[in-house]
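There are 2 protein chains.
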Amino acid sequence: IGAMVYSMATGTPTKLEAPSIAERDKLAKHENGITENSPMRLRMERFIKEQQKQIVKELEEIDGKKFQIDTWTRESGGGGISSVLQDGNVFEKAGVNISVVYGTLPRPAIEKMRVNHKAIDPDVTSLDFFATGLSMVLHPHNPMAPTVHLNYRYFETENPDGTVNAWWFGGGTDLTPCYLFDEDAIHFHKTIKDACDKHDKSYYPRFKKWCDKYFYNKHRNECRGVGGIFFDDLDEHEKGQEDAFSFIQTALKAFLPSYIPIITKRKDMPFTEQEKLWQQLRRGRYVEFNLVHDRGTSFGLNTPNARVESILMSLPLTAGWRYMHEPEKGSREQRLVDVLREPREWV
Amino acid sequence: IGAMVYSMATGTPTKLEAPSIAERDKLAKHENGITENSPMRLRMERFIKEQQKQIVKELEEIDGKKFQIDTWTRESGGGGISSVLQDGNVFEKAGVNISVVYGTLPRPAIEKMRVNHKAIDPDVTSLDFFATGLSMVLHPHNPMAPTVHLNYRYFETENPDGTVNAWWFGGGTDLTPCYLFDEDAIHFHKTIKDACDKHDKSYYPRFKKWCDKYFYNKHRNECRGVGGIFFDDLDEHEKGQEDAFSFIQTALKAFLPSYIPIITKRKDMPFTEQEKLWQQLRRGRYVEFNLVHDRGTSFGLNTPNARVESILMSLPLTAGWRYMHEPEKGSREQRLVDVLREPREWV
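Those protein sequences? They're chains W and Z, same order as listed. Quick note, the first sequence lines up with residues 31 to 377 if you use our numbering. Quick note, the second sequence lines up with residues 31 to 377 if you use our numbering.
For reference, chain W alone in the conformation it holds in the complex:
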């Protein structure tokens, strides 16, 4: 999803007489720091940076190895921090990335966005925007331990005078096991549901359904995993900005409690060579979803000058494809596939 944001920033930034938003934000951070009165841009950026640090810290404790931290900047303003742990003790590959983008949307992107955000003027030829988000994918070694994905993002378009034009939040998190432990799926969903319920009782049921629909490998007629939540365009038609931000904070903070108990329980479970092979095939399906269906990934990859290594950190260290592989009837593998074909209500 983060990739979608980069990819839109194709045009060279418009050079204005007045200082750009990126320049003004930089100055504001220097002079006053970030307070509750700062623009949402800066507050969201600060929040996801804090969360990135905390998540990386906790994952390092579980794994015993350190993340590689790469900080990068964008010429037109913004940049990112990619934290990746590879060949860990627990994680085959774990990426926790944040990015901050100041850019200009070209016309086709504006038209697409106006469908959901009527505040956007349909007649402008280009539009300054800001986007920031945290993206995470964790692939554990142990086939009993599920892969998890999370992304929370904030998007804003700007008026010519530098004020905010439209804004919205998006995101979600979903769990992809190779071997299904019902208690894990229930715990994951329950933790997310509790977080949602604190803000709006309608969130979980709507975003759970949206998740099942989005993370769907259509060509395989199966979901990527056992779901979670997914949503986009959470804007003023839904909630005030403070309420929306407050929900995003609760949701992102729910990540560690949603996943840590699961990985702790599964990371050292015994497994067979056959089970490792099944994991490889499930990893293959993960690759298929990300490269064929994920809007952000494919859009990003088709865009010049994207940071490909950050986009593709979501791919597993290893994956496999076997021709005409069918799980045995009544096997645990078959049970997983059955559930992926017909998403369950877990809570």
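These are computed hints drawn from the structure, not numbers from a lab. Be aware that one or more of the hints could be misleading.
One copy or any two copies: either way a pair holds, since identical chains are not told apart in the list.
Below, computed lysine-lysine pairings styled on DSS-like, alpha-carbon distance capped at 27 Å [as the list claims (entries may be wrong)]:
| hint | residue 1 | residue 2 |
| --- | --- | --- |
| 1 | K142 | K248 |
| 2 | K306 | K95 |
| 3 | K243 | K228 |
Quick caveat: nothing in here was measured; it's all calculated off a predicted structure.
Here the structure of chain W is known, so what remains is to put chain Z in place on it, guided by the hints.
For chain Z alone, coordinates are given in the frame of chain W:
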């Protein structure tokens, strides 16, 4: 590419009073067999079936293991034979598939095709078509032995009275090494060039360039491999049907001499664990090309009821992705990447 053909056959076949082309072809094969006077459809089908048998036979001799042969039929006429060898002694995964499709093109596909084939009436709402082709991908175990891909296909649209409306051939073959042996690339290109030159001296230079352009992982700024040839829309503006078919035959028959000497030389070479890991990363790039950029694959996967296992036989048994992996300066791995970034003239 074969996938593109399946994917177009989305509509239910129109039920006509008169026997369908599929029915007539079936009858003709029964009554008279296939002769030089038979429609090109039947001659191409017979030719690729013969070639499939011969290629499978020779690959089985090299590998020592047998292919799994799956014959399938399509409700609307036609079908295919998928031959796949998995976990062989030489090949990790090898697929040699043929397919025959009688179908109906929906309007958007007709409009796309008319760009290159003016014989197609722009005003029809649907159009019967026939497509047949042979598709092959071979992934050897040994990282010193290159992956090879080949596809030759024949396409035809039909007038309402059952006569041929437009026809064209397409195809090509390309080599994807993990470790570059110049002599292999030279031998592969030379064999193809000789085949091309027998028919038209302009073919090889044009189709070689087209291949470098098509099998290009744009988001990585590198070619998939060291190329070969690729072409589409070889029709009456280029050559008569007999001449075109004659070229296709020469080109397909050139496959075994182009690849067998290479695999024979490389299949038992010693290699290190590190070299095997590099192969896995190159396999990852192969997956990226096929899932992100290959028009046929992605189109096919987004189409309901395609035979996914036949389309995805092109994916390797195993693949890998490492974050921020860079080959060592001056290494053999770096040399491959350099060549992929700047395609060479091999003959």
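List in ascending order the numbers of the hints, as given earlier, that are violated by the structure.
No hint contradicted; all consistent.
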